[in-house]
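K.L.:
Sequence:
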Amino acid sequence: HGEVVGKGDIKVQTRQVLENIKAVIVAAGGTLGDVTRTTVFLTDFANYSGMNEVYSAYFSSNPPARATVKVNLRNPDVLIEIEATAVLG
Numbered sequence: 584h585g586e587v588v589g590k591g592d593i594k595v596q597t598r599q600v601l602e603n604i605k606a607v608i609v610a611a612g613g614t615l616g617d618v619t620r621t622t623v624f625l626t627d628f629a630n631y632s633g634m635n636e637v638y639s640a641y642f643s644s645n646p647p648a649r650a651t652v653k654v655n656l657r658n659p660d661v662l663i664e665i666e667a668t669a670v671l672g
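Okay, so the sequence shown: first residue is 584 according to my numbering, each after it adds one.
Any given hint might turn out to be false.
Said to hold, decoys possible - DEER-style ranges, computed between Cβ atoms:
| id | residue 1 | residue 2 | range |
| --- | --- | --- | --- |
| 1 | Ala-640 | Glu-664 | 27 to 37 Å |
| 2 | Pro-659 | Gly-616 | 30 to 40 Å |
| 3 | Gly-672 | Phe-628 | 31 to 41 Å |
| 4 | Val-607 | Arg-649 | 30 to 40 Å |
| 5 | Gly-612 | Asp-592 | 24 to 34 Å |
| 6 | Asp-627 | Gly-672 | 29 to 39 Å |
What the hints assert, rightly or not - With a straight-line cut-off of 25 Å between C-alpha atoms, the simulated BS3-like cross-links for lysine-lysine are:
| id | residue 1 | residue 2 |
| --- | --- | --- |
| 7 | Lys-653 | Lys-605 |
| 8 | Lys-594 | Lys-605 |
| 9 | Lys-653 | Lys-590 |
| 10 | Lys-594 | Lys-653 |
| 11 | Lys-605 | Lys-590 |
For the record, the hints were derived by calculation from the structure and aren't laboratory data. Predicted, not measured: the structure shown is a model, and the values here were computed from it. Beta carbons: idealized from backbone N, C-alpha and C, even for Gly.
Kindly generate the complete structure, drawing on both the sequences and the hints.
P.N.:
Encoded structure:
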């Protein structure tokens with residue numbers, strides 16, 4: 584298990600999660616434009632604004648359908664997780 588990136592910083596953590604998602608999709612031959620749906624899991628809705636600022640920069644035009652839910656994540660240093668569905672080809 585690696586170290587948590589951006590401990591306590593929702594913007595840094597959101598950027599890291601989206602970069603991880605982007606890397607997987609690019610490796611499969613796609614782009615973030617192929618993402619059709621995401622679910623954002625936040626530990627605190629007070630972090631919504633910061634998450635949304637970064638998220639919106641990654642999905643600036645024609646953003647995918649999104650659900651955002653509040654959860655308790657196993658590691659208290661992790662503020663966000665994002666599940667993404669992409670359709671390639």
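K.L.:
Now tell me if each hint is right for this structure.
P.N.:
Here is what the structure says about each hint:
As the Cβ distance of Ala-640 to Glu-664 is approximately 19 Å, the hint placing it in 27 to 37 Å is violated. Distance hint for Pro-659 and Gly-616: a CB-CB separation of about 34 Å, consistent with the stated range 30 to 40 Å. Gly-672 and Phe-628 have their C-beta atoms about 36 Å apart, which keeps the hinted 31 to 41 Å range intact. Under the hint 30 to 40 Å, the C-beta atoms of Val-607 and Arg-649, about 18 Å apart, miss the expected range.
Distance hint for Gly-612 and Asp-592: a CB-CB separation of about 32 Å, consistent with the stated range 24 to 34 Å. Hint check: Asp-627 to Gly-672, Cβ distance near 38 Å, so the stated range 29 to 39 Å holds. Distance restraint check for Lys-653 and Lys-605: the Cα-Cα separation of roughly 23 Å lies within the 25 Å cut-off, and the hinted pair is therefore satisfied. Taking the CA atoms of Lys-594 and Lys-605, the gap is about 16 Å. The hint holds against a cut of 25 Å.
With a C-alpha separation of about 18 Å, the suggested pairing of Lys-653 with Lys-590 holds against the 25 Å cut-off. Between Lys-594 and Lys-653 the CA atoms are separated by roughly 17 Å; this keeps the pair inside 25 Å, and the hint holds. This hinted pair checks out: Lys-605 and Lys-590 have alpha carbons roughly 21 Å apart, not beyond 25 Å.
This entry does not satisfy hints 1, 4, going by the numbered hints stated previously.
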